[in-house]
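Top to bottom, those sequences are chains A and B.
In terms of the working numbering, the first sequence opens at residue 1 and continues consecutively.
In terms of the working numbering, the second sequence opens at residue 1 and continues consecutively.
Each hint should be verified, as a subset may be incorrect.
Label pairs and their in silico Cβ distance ranges [unchecked claim]:
#, chain 1, residue 1, chain 2, residue 2, range
1, B, K55, A, P18, 43 to 51 Å
2, B, E61, A, T28, 32 to 40 Å
3, A, S65, B, K78, 27 to 35 Å
4, B, A1, A, L11, 32 to 40 Å
5, A, T28, B, Q14, 36 to 44 Å
6, B, Q57, A, V12, 42 to 50 Å
7, B, A1, A, Q55, 19 to 27 Å
Stretch-level coverage of chain B by chain A, calculated; a stretch enters the list once three of its residues show a Cβ under 8 Å from a Cβ in chain A [to be verified]:
#, region
8, 39-48
9, 77-87
Bear in mind the hints are in silico, worked out from the structure with no lab data behind them.
Predicted, not measured: the structure shown is a model, and the values here were computed from it.
Every residue gets a Cβ at the ideal spot worked out from N, C-alpha and C, and that includes glycine.
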Amino acid sequence: SQTIHQWPATLVQPVGSPLSLECTVEGTSNPNLYWYRQAAGRGLQLLFYSVGIGQISSEVPQNLSASRPQDRQFILSSKKLLLSDSGFYLCAWSATGNTIYFGEGSWLTVV
Amino acid sequence: AQTVTQSQPEMSVQEAETVTLSCTYDTSESNYYLFWYKQPPSRQMILVIRQEAYKQQNATENRFSVNFQKAAKSFSLKISDSQLGDTAMYFCAFMKHLRNYGGSQGNLIFGKGTKLSVKP
């Protein structure tokens, strides 16, 4: 069966510091991969999606970036965090593009 | 643009009883998908049930079923025999179908959620 893992689960970072969240999927090949963000009291917002290695599409302009160095690995990064980057980040995958499965999520607090 | 509305911010139900969560959406698309996701205190987003708009038959997954009314753009979730573990935030979500790749780029449009509490 397919599994998705992301880490770290929680992190507290100072403003201006870099960020790296990592996500891997097991049990499937060539998945679509996604990064979502959930701000406090709100639903999820799609940040990035990828349909293949090196192929990244951005839905929301911001100081975050994403990379897909391997088929089942998806990384969310920032060179300099802002206070507004705080939130709950979820990695997700789909096989066909029409059903999305989410990872455990990562809590980011920028202080 | 598509919108999803959940009009019940909070609901409660007694254990073993049935509860229905409401969801309405607005779209001009004819082909799309609708979902209910559950987010327990652990915060992981868990897929509960999925409905394809072109299918008239309502989806069912064990104790969870939906009432999909396409003309009314309504998509309610019924939870039967409620259990304490059903306590969670429930999100209704919409995804439009794209012709290429046979799917979508994954842009789920979420409602604001309904907080469900199951009481012993």
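> Range hint 19 to 27 Å: satisfied by the CB atoms of B/A1 and A/Q55?
Replying inline: 25 Å, holds
>> Just to be sure I understand the hint, the distance between the Cβ atoms of B/E61 and A/T28 should be within 32 to 40 Å; is that true here?
In response: 21 Å, violated
> Does the Cβ pair B/A1, A/L11 satisfy 32 to 40 Å?
Replying inline: 33 Å, holds
> Are three or more residues of the region 77-87 of chain B within 8 Å, CB to CB, of chain A?
Replying inline: As far as the region 77-87 of chain B goes, the hint is violated, because 0 residues have Cβ atoms under 8 Å from chain A.
>> Verify the CB-CB distance for B/Q57 and A/V12 against the hinted window 42 to 50 Å.
In response: For A/V12 against B/Q57, whose Cβ atoms are near 48 Å apart, the range 42 to 50 Å holds.
>> Is the listed coverage of the region 39-48 of chain B by chain A valid when you require three or more residues with a beta carbon under 8 Å from a beta carbon of that chain?
In response: holds (count 6)
> CB of A/S65 to CB of B/K78, is that within 27 to 35 Å?
Replying inline: 42 Å, violated
>> Please check whether B/K55 and A/P18 have a Cβ separation lying inside 43 to 51 Å.
In response: 46 Å, holds
> Quick one: are A/T28 and B/Q14 within 36 to 44 Å, going by C-beta?
Replying inline: Hint holds: Cβ distance 40 Å, inside 36 to 44 Å.
Violated hints, listed in ascending order, are 2, 3, 9; each of the other numbered hints is respected by the structure.
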